[in-house]
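For the protein sequence lines, the chains are Y and X, in the order given. Residue numbering for the first sequence follows the working numbering, beginning at 1 and increasing consecutively. Residue numbering for the second sequence follows the working numbering, beginning at 1 and increasing consecutively.
These are computed hints drawn from the structure, not numbers from a lab. Don't take every hint at face value.
[Stated by the list, open to error] Listed next, the in silico EDC-like pairs over lysine to aspartate or glutamate satisfying Cα-Cα at most 20 Å (straight line):
hint	chain 1	residue 1	chain 2	residue 2
1	Y	Lys103	X	Asp152
2	Y	Lys225	Y	Asp195
3	Y	Lys134	X	Asp181
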Amino acid sequence: MTQVNLLQLSKAYSSADTYAVHNLTLEIASGQITALLGPSGCGKTTTLKMIAGLLRPTQGDITFDGQSVLGIPAERRGAVMVFQNYLLFPYMSVGENVGFGLKMRGVDQQTIRRKVAEILDLVKLSGFEDRRPKQLSGGQQQRVALARALIVEPKVLLLDEPLSNLDAHLRDEMRELILNIQRQLRITTIFVTHDQEEAVVLADKIALMFDGELQQFDRPNAFYKRPISVRAARFFGGVNFVDGVKRGERVETPLGIFHVNRQEIPDGPVVITIRPENLKLGEEGENAIQGRIRSHVYLGTHARFKVEAGQWHLEVVAEASSVEQFHDGEILSLKFPRENIWLVPTEK
Amino acid sequence: MTLEQAATRDLAIPPSQIAETGWGWGQVARWLVVVGIIVGVLLPFIPLAVWSFSHRWYFPALIPTQWSMRAWHYVFSPGSQVPKALGYSTVIALVVTLLSILIGIPAGRAMGLHRFRGKTLVEFLILAPTIVPTIAVAMGIHVAFIKYGLADTLLGVILVHLIPVTPYMVMIMSSVFANYDPEYEEQARTLGANPVRTFIYVTFPAILPGIVVGGLFSFIISWSQYVLTLLIGGGRVITLPLLLFSFAGSGDNPITAALSIVFVAPAVIFLIVTSRYLTGENAAIGGFGKI
Ligand SMILES: Nc1ncnc2c1ncn2[C@@H]1O[C@H](COP(=O)(O)OP(=O)(O)O)[C@@H](O)[C@H]1O
Ligand SMILES: [Mg+2]
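The shape of chain Y in the complex, shown without the other chains:
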């Protein structure tokens, strides 16, 4: 159980370079799973390597339980990293790979053998000790890499894109496995992903990063209900954005005046955003506007409509049966329920 704090952490690969990570401050709760989420190249791996002790930060500090770890070399820091491409040592058997960390700690052969068997059991690879890494499938290699990290009982487990190299069905399996193991062992876990869905399913908290900077650090559902910006909302599948000007609890837009709940954002230009599943097709009342259905797709469990309103294209997710009720080209009313409207600053 280790709490990890990143304090104003920055990294520039060369003095002339821009920052790969800039002023990152995060409090990573002990025993939880935290996701570093962001598009490729936003500095996630760099952050992970700094925590592991493989890269020296340009500025800032990293603490484990309040103690700075910058002076501790990677091999004694207690943060084990599982790399994106597994990196099983090709010259060693599965058993030797998994036992590597214990061997480095001077544990005797017999104990190593017993613990390797135990941990391989945990990742559902019992009896694989004598196989060669080459003989394993991608999913199996991934589990060996995970076992190799877990066996040393790390203070902090760092996973770089643990699911991205796996097929869809293996991904679900691996996700379950990681969740189960993490619940059993309660290791502080930080994992990196570019896939918001992966982050939502696995993480207790998500740190969304853009261009090396922290955008938002929150619980998963907050990114749907209260995204901090248009960009954050878009990253989580937000598609409906209407520009307006906020005055108190009213927002004036070319589509009409919207009544909104109190929000801390200052008066002036804002963007109204609302999840597609919260827009009510065909409903009247407060915050209802007129729109024309341009197209729709039927998805079995639900249906997705594209609605044109003024210069904006809005997307609505409705019940599957609504495809019988509404038709392309139809003009009808579209309601923005007040409690589901969320205001974000206009993009620069």
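Keeping the supplied structure of chain Y fixed, place chain X with the ligands upon it in accordance with the hints.
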């Protein structure tokens, strides 16, 4: 099966598999090459072996008219300089090989893994000794070595042998490192291995095939040096090539032949021992890489 199905079915078999199944032309060609190499390497030894046991062998006799063990007795007699030269050659070649490995690993790593300013110039300078005639360099070095007391010494000869050897070692090692993923080392570090153990358990096994091949080159290049040894050793450091040349000049064919066999034997043995590292199956050597 329609023609189209047949065509797509064939496409589904990876080319590597096609080569492995049955006796394709590639297989035949490969065998021809192997047989050619064996014949090419071994054939010249037959007359050498015959000569080394001959006493009288004049034209137009097909085989010697009189046989003798004289040459071999001489070669292994304590009175001849051969055992001593063999010792010098071995020590020099082994030390040169070891030093070239110690230079080649960090240099090859820098060349193969990193991009840095002036890299092309460094590449050129490393290759330069293979282009510039060694004798030209050696003259200058001789002057310097006299000044530092290295001329006519074993150490001097070892150092000067590094000139033709190092470029090959560095080239081979940079090709090895160009195909090497240093993240394996980072992985080992986070699992608890300090830098030394990371090298022993992770880096070394990965680059071992390159070290063997490079070491083979270094050994053979050093083993067969003549001009540099003669110049810097000044006649005090007598190696096998020096003896060989002096006997070849004297016209004593049986002894020259016996010496030649002694001279070539280590190279052939080395080649056979390390041959599995020389085959294309070994991923560590991806041709000569960029250089
Ligand atoms: N070794 C390196 N040298 C120079 N720049 C690097 C290096 N590694 C990563 N970068 C740069 O730093 C930025 C962040 O990279 P990275 O942390 O790998 O991103 P992510 O893991 O989020 O995809 C990128 O712009 C990348 O090009
Ligand atoms: Mg990455």
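Each hint tested on the structure:
no., hint, in the structure
1, Y:Lys103 <-> X:Asp152, "violated, 50 Å"
2, Y:Lys225 <-> Y:Asp195, "holds, 18 Å"
3, Y:Lys134 <-> X:Asp181, "holds, 16 Å"
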